[in-house]
Every structure is written in structure tokens, then in C-alpha cells.
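Mind assembling these two chains? They're in different frames, but the hints should get you there.
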Amino acid sequence: MKKIFLVEDDHGLRDLISFLLTDKNYDVEAFSNATTFEKGIENGDPDLILMDIMLPDGNGVELCKNLKESKDKKVIPVLLMSAHADPNIADNSGACDFIKKPFDIEELYERIEKHTG
Amino acid sequence: MAATIHKGTDGSVLAYQFNFSPQYHSEKRFLKKNTLSAIVEFSNDAIISKDLNGIITSWNRGAQKIFEYTEKEVIGKHISILIPESRLHEEDLISNTIKSGKSLNHFETVRFSKSGKKIPLSLTVSPIKNDFGKIIGASKVARDISDRVKGEEKHARLSAIVESSDDAIISKDLNGVITSWNKGARRIFGYSEKEVLGKSITILIPEDRMDEEKQILSKIHAGLRIDHFETIRQTKAGKKIPISVSVSPLKDRHGKIIGASKIARNIEEQIKSKKKIEGYVEKLRILNSVGKDISTKLDLKTVLQKVTDATTALSGAEFGAFFYNSEADSGESMMLYTLSGAPKEDFEKLGMPRQIGVFQPAFSGQGIIRVDDLTADKQYDHNPPHYRMLKRYLNVTSYMAIPVISTSGSIIGGLIFGHPEKAVFKKEHEIMVRNIAAQAAIALDNSQLFEKVKSLSEKKDEFIALASHELKTPLTTIKGYLQFLENKIEEPRTKLFLTKTLDQANRLNNLIDDLLNMSRIEAGKLQFNYERFDIKELLQEMCETFNYTEGSHQLISEFGDDPVYVKADKQRIEQVLNNLLNNAEKYSPNADKIYLKLKNDNKKATVTVEDEGLGLTPEQQQMVFSRFYRAESTKGINGLGLGLYLTKQIIDSHSGELAVKSEEGKGSEFYFSLPLDL
Chain A
1 MKKIFLVEDD HGLRDLISFL LTDKNYDVEA FSNATTFEKG IENGDPDLIL MDIMLPDGNG
61 VELCKNLKES KDKKVIPVLL MSAHADPNIA DNSGACDFIK KPFDIEELYE RIEKHTG
Chain B
1 MAATIHKGTD GSVLAYQFNF SPQYHSEKRF LKKNTLSAIV EFSNDAIISK DLNGIITSWN
61 RGAQKIFEYT EKEVIGKHIS ILIPESRLHE EDLISNTIKS GKSLNHFETV RFSKSGKKIP
121 LSLTVSPIKN DFGKIIGASK VARDISDRVK GEEKHARLSA IVESSDDAII SKDLNGVITS
181 WNKGARRIFG YSEKEVLGKS ITILIPEDRM DEEKQILSKI HAGLRIDHFE TIRQTKAGKK
241 IPISVSVSPL KDRHGKIIGA SKIARNIEEQ IKSKKKIEGY VEKLRILNSV GKDISTKLDL
301 KTVLQKVTDA TTALSGAEFG AFFYNSEADS GESMMLYTLS GAPKEDFEKL GMPRQIGVFQ
361 PAFSGQGIIR VDDLTADKQY DHNPPHYRML KRYLNVTSYM AIPVISTSGS IIGGLIFGHP
421 EKAVFKKEHE IMVRNIAAQA AIALDNSQLF EKVKSLSEKK DEFIALASHE LKTPLTTIKG
481 YLQFLENKIE EPRTKLFLTK TLDQANRLNN LIDDLLNMSR IEAGKLQFNY ERFDIKELLQ
541 EMCETFNYTE GSHQLISEFG DDPVYVKADK QRIEQVLNNL LNNAEKYSPN ADKIYLKLKN
601 DNKKATVTVE DEGLGLTPEQ QQMVFSRFYR AESTKGINGL GLGLYLTKQI IDSHSGELAV
661 KSEEGKGSEF YFSLPLDL
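From first to last, the protein sequence lines are chains A and B. Note that our numbering has the first sequence beginning at 1, numbered continuously upward. Note that our numbering has the second sequence beginning at 1, numbered continuously upward.
Okay, chain B solo, but in the shape it has when bound (with noise of 0.2 Å):
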């Protein structure tokens, strides 16, 4: 053999080396000679000789390629114009190596080209002997290696790509058995690469849903990728955690499917926001709603009991209560409270809260108090019973309180949140705590407004009730004494006018009826005795006695034939009529006739009033059911203008209907309907 010739694993040629030796023959040595050249000459990798002293003194077109000098530019030149300066003692060991007549295999460096690009290289660099053996200089085989190192970078970057990711990227085969798992998997499931490779990838899948990895696995097979899967797996520990993950089949050079990688990130996190948000929302609705709730409602009880269980909702408390600074009747200044959250009878245990330390600041109006643990704080435990106490019976570690402040500026009340765990309370509670406790101050003021004029009124039924009561009682004996008279006594104008004082006292007896009506059906509490009767008796009843009655009016009647059932109060219905008849006589002065009407269409039955008297403008009809409403063209007729409105409210009552039909100057029809009792 005239040359070794080293090959790399892919059988591609690395070096030659040459053996000039005296065995050869001269013919024989100039043959191969030239055949050599050419195999040198047309080489790609780059092929150079150079005497000891590194002077270059062949180059081949490899080289040239490589390198981009010509031959004629380096021959004769020093090889370290291809070194950088940074590498140049690699030629102290490359030229030791060649003096003590080894070679160098396969030694990858960096070189310079001529436009100073920089060019990875394998070297193969041996050395030279002449014909006795000697070494006279040295062949270097150089390969360029750029593409290989890319690869190597590409490579590599993707493995610390897949090695650095919070994501578990886990690979595995068609029977998913797992092949490859990157730190994040680590991180993720707890489990090391060593534990898991070769395993089942189901290790990871809780037992109820193990159906997954068959429908995962059936999917890869038909190479569709599956994306963010949201689903449980579990750690080597056990717990059980929400992934989403993504699967994309893996195929081989040939296209074919040898198995799936798998992202899962852990969305334990994203859930925690998610429901964080979720918790945002509903503290919004809350927010929005108990707006709402108090604006509208009066009752300070329930403004009270909706502001506390909102603000406890709210503040994330584990029970919230509205201490209330109230006026008892009798001018000494009382507490209410509301809780949310605690039953009563552990703060019925505290004694008064107005003097529990850290409840004062809040009563006093002094401002809001928000401690993260109530039991490390001392300033508040000044005065007995004190925090102790609460931790004993409440259970009170995060403690804040918020003053209640109205309008005006005089202290309504305190909100006291706690929470047996510590720091519960942050600024945002107390920012949204104090912004329902302006709103609740005024739907507060409005409630003791309101409270009041209830109260006022109830008073004022009160005092109706027994004024009815104290006038009636005279009003009989002045009437026993009366009607005793006029039966007694003979002599026509004294019976007269006994006879028409009876009247007015009748009268009176009605105002005194009226009045009080008013005042119970204000306050909602006018009785009803419902009866089933025939409505046509007691229109006849009514028409027979009116007309019997000597009076400046006829009453002409018009009922049907048939009895008509209605199930109503009938003294109230009596009332109504008499409203309606003595109404109907009183505002038609110049007339003489009153029309009474029964109807019948077998669901209601409706009376109707006529009269031909001053009738009501369209402004006066819309007035005439209101209280105290009296038409201006009644000047001169008595009455309260409660009558009209007492029969609307007893006709309402009885899930009735009353209206009016009118012309100015031409008379009113009154009607009311009822329903029929069939």
C-alpha cells in the first residue's frame, strides 16, 4: 500500500497518508504518483502539505474552495494565516504531534478563510517523511463541518428548548409506552425520567378516566392532533391536578406514524384566576344588587340585614354585624344589630358592644380599623370585654370595622367584619365595604324618615280610632234622648224639627264612620265580612226605604228578574250605595230623578247611579276617587271628599271595579261591577 487512507463512519474519505518508501519501485512510484495527484487534486475536503516550519507547499482545489485562496496566494505562506489569533497555539500541538511522528485524528477547530469567514473544521493532519524516513513536514486533510454543526446547534437548541419549558413535553409510542420526558414533565408530575421511561403513559391518568388515553391514542393512529385538552391527571404523590394538553402524532422520515408527543401545561393557576375572576363578577352582582336592595327598600330592619350579609359576602368574612345606634321612644339611645354569618346567642355573650374596645373606633365614628391578627395587637384591649373574649366566642384572628356616617354627619352605626384565620381583610374589602356603608347611610336616613312618618301615622290612627270612639258615645245619648222625644211628642213642628235634628246627628255619626275608614284603610286594616247575598234585594231593600223616605228626588229602578249572587261585605256594599245615592241627590240640586240599575252579563254584576244633575269635566273624573279631592263647582255642597274615595277603595277591596261616565252640566253615571258568586 502506498497510501492508508482513513475513512469516517459514513465511508466518505478523511485522510490519506503517504508512505514514501525505498521498496517501491522508481516506474511504479512515478504511476502511482500521478494517480495520487488527481485523487488529491479533485477531493473535496481541503488537502495540504507543509514543511516543519509551517510553510504551506501544496494546495489542492478543496482547499481553494474551502478557504478561498488560490494556490499561488498561499504556497510558500505561513499556515497561520488560516488560524485565528485565538487558536495559535493549536499549531504548537499540531506541529509537537507531527515532530514526534504521530498523527492527529479527527481534531475539530475553527478557521479563518480569506474574507474571514469563520469555517468549523475536522483536521487530519500527519505527518511527512522522506524517502529515509524522516519527517520533513506534514499533510492536513481538513473537512468543513458547518452543516454538521448547525445540525448539532439546531439540536441542541431544541433540546434546551424542550428542557427549559414550564410544560411537560413528554413523547411516547403507539402502545403509549413513554419514550422521552423533559423536566417540566418532571416538575409537572414528580416523577424523574428514569422512573417513567419505558412506563405507561396511563401512570399519569386517574383511573375514572382512563377512557381518555383510548380515545388519545385512537386519534394519533388516524394522525389528528388533539389541541388543549382540558383534563385531570395525577402526580406521583397522588394529587390530582387540571392540565390542558395537546397531542400531535410523531412520524418516522417515511411519514409514518411511530408515536405522539404530548404538551400538558398545568392550568391549576389559570383555574385559580379563572375562579378569581368568576369571584370578581359575583362580587360585582352582589355589589349592583344590594344598590338596588337598599334604594328601594324603606324597612330599616331589612336595609340593615341586606347591607351586613352583602358586605360579609363581600369582605370574604366569616361573619359580619351592623351595630345600629337607635332612639328608643323614650329618648335613650339604644342598639340594634344585624349578623350575618354567627349565631345570635354568641353575641348576646359579649354584653354591650358599645363598650368592646375594638368595636368603640367604629361607634365613635373614629374611622376604620383593619388588623390582620386582632390577637398580636395590644391597642385595642384597653378596655374589658376585649379581644380575648371575642377570640373566645367568636373566634376573631382578622378584624376590620367600618363607621356608618350619614349625611348629616352624625354616626348611624358600625360594620364589624371577622375572620378566624389572619389577613384575611385587604384594602379592596375595606374600599368596597365603605363604599355600601355611604350608600347604606343614605338608604338609612331614608329609613328613619320613613320609620318615623310610619310611626306618626299609626299614632294618628290611634288618635282616629278613640276620637270615633269618644264622639260616638255622646252622639247615642243625644240621639237615644231625641228619638224618645219624637216618639212622644205630638204637635207637628216639634216632631219636625226633632226629625231633623235626628238627621243631622245621623250625619255626624256618617263623617265620624268616614273619617275613621280612611284611617284603616290607610293603614291597610279595614275589615271585610265576605257573604254570599243577592244583590238585587238589597238594591230593592235600599230603593223602597229611599223612596219611602219623604225626599226631593225619586229613585227609579230597573234590576231584571232573576236574584243576583255576589259574595261581598254587604254593609260595606250598602255603604258604597248610599255614597253613590246621597252623591247623586246632592250634586243634582235641580233635578228629580235618580236612576238605580242592576246588570247581569254572568260574570259581574254592575250597579249603575244616574243623575241629571252638574255632571264633572274630564280634568274633575280623574280627581273624583282621590281623597279630599272636592270639584270646584261643589262650593256651597258640604262633605269631606272622602266619600268617593272610601267607595273606591271598598270596591277595589272586593276585586271590583268603579269608574265614572260624565258630561258637564248633563249629569254622571257612577258604576261599579262585582264579581258574580255562581
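This is chain A alone, in the form it adopts within the complex (with noise of 0.2 Å):
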């Protein structure tokens, strides 16, 4: 079963993408905030982090552009989501993808599975 980060501070949003990836058996372990996530990814190791990068005390491009220049986590795909209007916003990021909210749900699945596999 693959292990997937959800990073998200909307409530309703977290809850949908946790539903989602359940469905299609992942194991989705979701924060709501980047404190939470940066405590959780010390002992964590995911196979995909799926994060907003608005986050309330934080931002996504940021905690990936960290997660990259760590020494164990680097290798961990980063897929950033954002309903930022700026279509660049995830550029030089490390991130492995980009996904433009709203998505469509075949598209989440799709690129999910693309760098989970």
C-alpha cells in the first residue's frame, strides 16, 4: 500500500482528497498546517506528498524547496496543488507536478499514480 502525505489547511478539501485516495487504497495520513506536516515528515517516509501551497503558516514551494536540499528526504515526489491564479507559482520548487485547482478527480488519480509507480 502506498503512503501518501496530504498537506492541506482547507477542512472540507482535506477531507474530500482523504476520502479520494482511501478509495483507491492509498494510505493517506493528512495535516492541516506546515508545523504539523515538518514534525511529521522527521519520521515520516511517504511515497508521494501531496501539498497546497497556501498554507496558513507556510508556504508549499517553500517546504518542498527544503525537502530537497535534506540529505534523506529529497528522493520523496512533491506534487504541489494550489487555486493560486498564478499558472508559474510552482516553478523552481523541486516539485515533481503541479496540479490546478479545481482539478478534475481523474486527473488527481492520474498524475498520483504516474509518480507513485
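Because the hints were derived from the structure by calculation, they are not lab data. Keep in mind that a hint or two might mislead.
Cut-off 25 Å, straight-line C-alpha distance, at most; resulting in silico cross-link-like pairs (BS3-like, lysine-lysine) [unchecked claim]:
| id | chain 1 | residue 1 | chain 2 | residue 2 |
| --- | --- | --- | --- | --- |
| 1 | A | Lys100 | B | Lys525 |
| 2 | B | Lys134 | B | Lys65 |
| 3 | A | Lys114 | A | Lys65 |
| 4 | A | Lys100 | B | Lys570 |
| 5 | A | Lys100 | B | Lys460 |
Here it is as C-alpha cells:
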């Protein structure tokens, strides 16, 4: 079973994505902010991180950059998502992919499968 | 000798002296007497004899001619009838000389003619003796010297003119040796006449202009004049001065050129006034351009800087500053300033300009200050930091401060000017700066409004970006659950309802995008990601999707066979096409066909979307690309009026063209072109 860390501050969306991915047999651990995620990732070893960019206490792009600079976590693929209007917002973050909100669920499944497969 | 003839320098007879001596034979005496009488009679000079009492005893024709009296009229009369009252004393002198046996030679005086005309004369008076040597009278020879006197007067007048002239009047010979030198020449060049006579004119010519003298001399040799030649000469002290010189050949009485006269005028003042005029012209130019600049520019900093630069230049100040009262977002008052001619660091040392004594009146709108010497004026020295500090950091002696007051009466700020020298700022500078300050006040009022609008607009854009983000998050959740259900549910009616709900969720998403894009276009912040792609392929894909989705219309395509490459933002072009296709569908409710065509003319790709719908009137065609415009006939059809506006902005940003051909009731044809990427 593939393990996915989900970082999303919006409660409704966090529930939906958790539900959608669990339904597809992923092991989902959800975080609502940067702080709890950073704690969780210390001892965690997910197959993919699905992370929102605009977080209340941090920025997904920066979090991703930090991960890519770390020794043991840099290999974990990061899939960033945002409802932000700037299509280039995830450029230079080191993320493996970017998905724009609102997305089609098929598109979400496809991308996750691609980067965990 | 019976008579002594006195001759003048030109050889003419001036006087005859008769000696009646007893040694002469009486016959000879008689003959001589006759000869002499004839000479006397026909002389042009007046030859008169009188007795010791001054009574006229003889009067020749010359006397009649000069004095206009006939012999008959004057014989027996006293000689004083010829003498002006003011000169009667001369007669005493003459008669005393005669009585002592002496002659009076070439005595120049004035006598009256019968008609009262004053006649300048040269008199020679000799005693007449009888046979025994006793003086019995006097002979008087008077020569009219009017012509000579006139000549002398003319000469004196000319000399006086030459001497008193402000211009240098110099003559030189053909070798360039100075032969005369007037006072004007002395004043201009500093040499005395004595110093320069006999010297070469080249002492006045700077080394680099020596060639000029050769040219001048060659013209003079040719008998030509040189008029108002402007050049530089040097004074005795070595100072170079600008002069205007006219040179004419000097000829002798036979017409031979013997030298040149030179009239030189110092045109230093003239050049100064010319420069002054040029200065005024330049000032007018600055005034004109600053007026234009500040009335067309709205950016606050630009207006402040333009006004500062222009007023500093116009006032002749060493430095100028514009202190501008402004309000920060927090409502706190603060001060901006622009500088001209002084480094910012010097000003920063002064601290808050508001508190500086000399600045204060300008900011509080008390009025204009113009001080010739700040260091001598203690009235602005109340509050520290005071003028000494200004003096130290900015070296200010002349000082001028002018408040800038808005049309509503509020104080916008103040212009201050400084110069290290005394008394630089005059009334004219004050008036000029005051006028610009008045213009600037209007421009600044406008610019303040503009700044406010700009800041409001920026806030609006920020808000729209935030709102769009906030709206899209729940929309993502809604879409997610709906899509999940749509996939799971088999029951056809429920499935259809879910599909319709999803369509509406997508529409909502597009509307949010349109709003966001509009605000970004307004702010000039819409970004484009250009890439090379085949627009035919894009059109084919869209065509397939359109026809695959069950709808009311069928899309008929006409693309040609070859790929057509453009360099564009593919997503935006897709957005453009979606807009045009959706419009075609929306505005042709009673038709069932839409035509999509692609043409390639080797320069540009033109895409046409044609419907058979409501069409547009010519007025509507004019307005259709405006923001929020919705045609009257579209009532009942939904929309914000942003689609075609955004479409036009996107195509314009691609250096393309978007246009419409339409006839009301017969349908519309929207087409856009993009440059090919060859």
C-alpha cells in the first residue's frame, strides 16, 4: 500500500482528497498546516507528498525546496497544488508536478499514480 | 626800397610798409606813389589808413568788399564802426603799439561788416610816418580768414568727435604701423597714444588670429572696406575682448591708398546682452516644457522632480528642493522631497526640514521668503537646526522659499532654493517660480487623485485575486464529490443531474477566471507563456471535443492539410477559441451549425468562427469588444460582458487582430489572426 502525505489547510478539501485516495487504496496521512507536516515528515517516509501551496503558517514551494535540500527526504516526490491564479507559481520549487485547483478527480488519480508507480 | 612787403607763408602779401624818406627824389616819389596806389587799390585784402585819432583816412576796394562800406561812407569816420563792442579795448592796444612806433603783425580778431556780419580777420597794423619821421597815423591790412577758421573749426570738431568716441579709432599705414590712436582706443585696449604710435597693429592681435591682419591688409590694398567684422583682440593687460571692427582704406589727395582707418567697438556688453536674451529664451523654453510635462504626467514623483529641476534651472539656484506634504496609509503626515543640484546625503543631515526655521514659513503657507544674505538675516534663526547648519551642509547665502498651495487652499508643500553667493534671487525669479508653483499645485492635485485611484485599483486587484483563490477552494471540493458520485451512480436521471450540476460548477470556475483575468489585464499583469505549436492540431482537438459532447450545435471545420505553426500561449488561445465557440452557440439559439475555419496566407494564421444566429447591428459591432458591454438583444442570455473583452486583450497581446463581420438577423463571423512562427 502506497503512503501519501496530504498537506491541505482547507477542511472540506482535506476530507475530500483523503476520502478519494483512501477509496483508491492509498494510505493517507493528512496535515492541516506546515508545522504539523514538518513534524510528521521527520519520522515519516511517504511515497508521495500532495501539498497545497498557500498554507496558513508556511508556503508549499518553500517547504518543497527545503525537502529537496535535505539528505534523506529529497527523493520523495512532491506534487504541489494551488488555486492561485499564477500558473508559474510552482516553478523552481523542485516539485515533480503541479496541479491546478479546481481539478478533475481523474486528473488527480492519474498524476498520483504516475509519480508513485 | 620804398615799401617793405610782408609775405605770408603761402607767399601772399600780408602787409606793405611805406617809408616816406627825404632821400627820395620827388619825381621818383611821384611815380612810385602811383604804382603803390594801384597795388593798394586792387588788393583783395582790406588796406585802410587812419590818423592817430582813429579816423579813417583811406579805404581801398578790398576794404569795401570785406566790410561792405564804400570809401565815401567811411572816410572821416572813426575806425570803431568796424569793431564789436566787446573788442573795443583792442583798438587801445593797437593805437598804443602804433604810437610807440611798432607794428602789430597777424593779429587775429573779429570785426563787423556793415550788415553786422562777424568776420574773422588777420590784422597787420603799421605806423605811418611823415617826411620827418613823425608818426602821423597807421596803415591796416586786414585779411578775411573765414575760410581758414571754418576749416580749423571743422578739423577741431572732427578731432573732438574722434577723441570723445567710445569706439577705438585708429589709423595705420600699409605696413600695419599705427599712425593715430584716440582716447577710445586707449580705453578699450589700455595703451596710451605714446605707447603705440609707430608700433605694429599686431600688438592687439592674439597669436591665433594673426592671419586676420594679413587678410585685412590685402583687402585694404585692394581698396575694399571691411564692415563689422567680429573678432577677438587683446588688451595691454592681455585680456581677450570681443570686438566688432570696420576698416576703411585711407587715401591721399591723389586717391592713392596710404593706410587704413580702423573703428573698433568693444562688444562685450553686446555679447552679454545677447547671452541674456538667449538665457530668457531658454527660460521660456523650460517654462513651456515644464508646463506641458507636469500637465500630462500623473506620477507624483515625476511631477515633483520635473518641477524641482525646472524651477532650480530658472531661478539660477545652485540647488533646489521640493518638500511635499504627504499622508501615509496610517494617516500620519510625512514628507517627501525631490532635489536638484544637491546630493541627498546633504539633506539627510538636516533632519526634519519641517522644523528648520528658514524652511518653516514655506511649509506652513505663510508666504514667500527671498533673502539676499541668509547669514546676515537673523529673523529665520529661531529654531534649531538653523541657518548655520544650512550654511555648513549646503553653503547657502541667497535663499528663496515659495509655498505650493493647492486650489482648495491646502498646503501641498514648498519649494526652496539656495545659492552660495549673495543676492542671486531677484523679483523676476520669484514671479517665475511662483507661477510654476501654481501650475504644479494643479498638477499635484491631479496626481494625488491619480495616486488614490491607483492605490484603490491595486487594492481591488488584490481583493479579486484573493477572492478568486477563496472561491476556488470550495469549488474544488464540490467538483470532487460530484465527479466521484457521477462515476459511481448508474441510475440515469441522477447521473444526468450530476452531470448538469458539474457543468454549472465548471461555468462558475470560468466566471471566476474571467474576473481574475480582467483585473490582471487592467493592471498589466496578465502573464503569457509563449510556445511554438501547431494551431491546426489545437483546432482539431477542440473540434473533436465539441462534437463529442452532446449539444445543440454541430461544429463544421475547414482547416487545410498542412500544420500551421504559431508562437503563442496555447492555454490562452484555447481560452479565446472556447469564448468564441461558446458565444456562437449561445447567440444562435435557433441554428444548429457553427463553422470553424483556418486560413494561412504565409504571414499569419486566421481563425474564423461563424454562426447563423442573431447577428449584430453596426453600433453593436463597435461596442462588442468593450468591457462589460452586452448587446440589448441579448437579454435573457447569461454573461458578464467580459468574454470578448478578454479575447481581444489576449489577441492584442499576441500582436494579432480580432474583428467581427456581422449582419443583424443573419449571424456573425468573428475572426482573429496570429503571426506565423516560421
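Each hint, compared with the structure:
1. Lys100/A / Lys525/B: Between Lys100/A and Lys525/B the Cα gap is close to 19 Å, so the pair holds against 25 Å.
2. Lys134/B / Lys65/B: violated, 31 Å
3. Lys114/A / Lys65/A: holds, 21 Å
4. Lys100/A / Lys570/B: Given that 25 Å is the threshold and the Cα spacing comes to 16 Å, the pair holds.
5. Lys100/A / Lys460/B: holds, 23 Å
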